[in-house]
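Enquirer: Based on the provided sequences and hints, a complete structural model is requested.
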Amino acid sequence: MAVVGAGPAGLAAACRAAEAGARVLLLDEQPAPGGQVWRGAAAAPRSAQGWLQRLARSGAGRLAGATVFDAEPGRLVAEQGGERVTLRAAQVVVATGARELFLPFPGWTLPGVIGAGAAQALLKQGAPFAGRRVVVSGSGPLLLVAAAQLARAGARVVTIAEQARPGRLARFAVGLWRQPGKLAEGLTARVAAWRARYRPGTWVAAAHGGACVEAVTLSDGRRTWTEACDLLCCGYGLVPNVELARLLGCETGAHSVLVDERQRTTVAGVLAAGEPTGVAGVEQALVTGQIAGLAAAGREPEPGLLRARAAGRRFAARLAWAFALRDELRALPQPDTIVCRCEDVRWRALPAGGCLRAIKLETRAGMGACQGRVCGSALAFLRGAAPDHTRPPLVPVPLGLLLEEETP
Amino acid sequence: MTVRLEVDGRALECAEELTVLAALLCAGVTVLRRSPGGEPRGPLCGMGTCLECRVTIDGQPHRRACLTPVREGLRVTTGA
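So the sequence lines, in the order shown, correspond to chains A and C. When the count follows the numbering used here, it moves up by one through the first sequence with no breaks and lands on 408 for the last residue. When the count follows the numbering used here, it moves up by one through the second sequence with no breaks and lands on 488 for the last residue.
Honestly, the hints are just simulated from the structure, not real lab data. It is possible that part of the hints are untrue.
Chain A is faced by these chain C residues, among others (derived, beta-carbon under 8 Å) [what the hints assert, rightly or not]:
1) T438
2) E447
3) P448
4) T457
Each residue gets a CB set at the ideal place from its N, CA and C atoms; glycine is no exception.
Expert: What follows is the structure, given as structure tokens:
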């Protein structure tokens, strides 16, 4: 059995399956396990340490720094350090996590404009942010956490611009009494970033600068104003990474992989867990990962796991409602705004309407190195564009690896 | 512990637990490549999705700097 992705969902799946006696291999493209949320195990919370230790005891094998670029049910092909690795596995658990949603606006391609989750990822990689003057913007609970981590790293976070409607945010916050852990997390983050102004109902309309971002224009729909900064962290929540599941032939709904009560996808021998089955956070990833791992090993999940999953889905629905993206964001791209960063395709070049396949064929948008992971997700929101078929390679790999003879 | 890298022909010393991307940012390198239209680009996602941080590492083109740990003697070329 192979588990793709060593974040919370993949860790939980690998642990439960290996403990149940299955032969498990856990693959991840990062050098260390933990996924994005638990990146850098040393600084990760105690729950993460627990799962990492449990993985080490479980007997599951690990393949780090390995990126799956081709797959069919029963077979995965990965690239590891420039080498091709082919794996055969009767069961595959897709635990590929989520990525940030980036939406185009004038100036978003300037160096110094990064994601909000990106700021967290870069901090954990050891990037320096001390002394930077930062605007954090976009949407979702991640903004507050990113702002707090930046402040602790010595950055001066001046504004947190959250696009969500203030009324919805207030109702969401009131509902958090049922999740005291999440409430405490939010309050701790707010205290850490106490110097920043938190502005709900506000978004970045444009970024300005020459070689690097120097200022941003903010808007609340009634007025616009400019704020100086040398770093803009802007992310509009998370998008499930469903490319591998799609390549394996799994049916996907609007945004996520369809699974049954045991996290089984529509393809036999392929299961999915965590964010690919719907963005719902760490706890839900651990729960669905466990259910998937047990199912792949032929075991029934404990009733408590099924109850926890149902509660997690309710929380995810409240989160999605509170942080729903507003229509004004669809009006941000100007005719000369680049939409596809890989191919420099501008907004005015896009055909009216159409699915991503039609857009791609006409403009090359989505044909570049990221294979539409950035612009495709943006266009799905901006235009309601249906996704294109997923084809190998899932990530760019040296041509030699694609042509290489099969070595089982 | 520190390791030594070579970035665009320039010697660079950094902590051993960094990624190549973090090492580049520590050294003040903020533009990693040029877009097809010649625009300067820096990192965007920091987690291997956007490929804006792709650089040439030890002669291998299109390596994601954010996914590559530093190690002694690594040769990095930006601006591809």
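Enquirer: For each hint, tell me whether it holds in the structure or not.
Expert: Quick rundown of the hints versus the structure:
1. T438: Holds. Min distance 5 Å.
2. E447: holds, 6 Å
3. P448: At 6 Å from the nearest chain A Cβ, P448(C) passes the 8 Å test, so the hint holds.
4. T457: For T457(C), the interface hint holds, since the closest Cβ of chain A sits about 4 Å away, which is under 8 Å.
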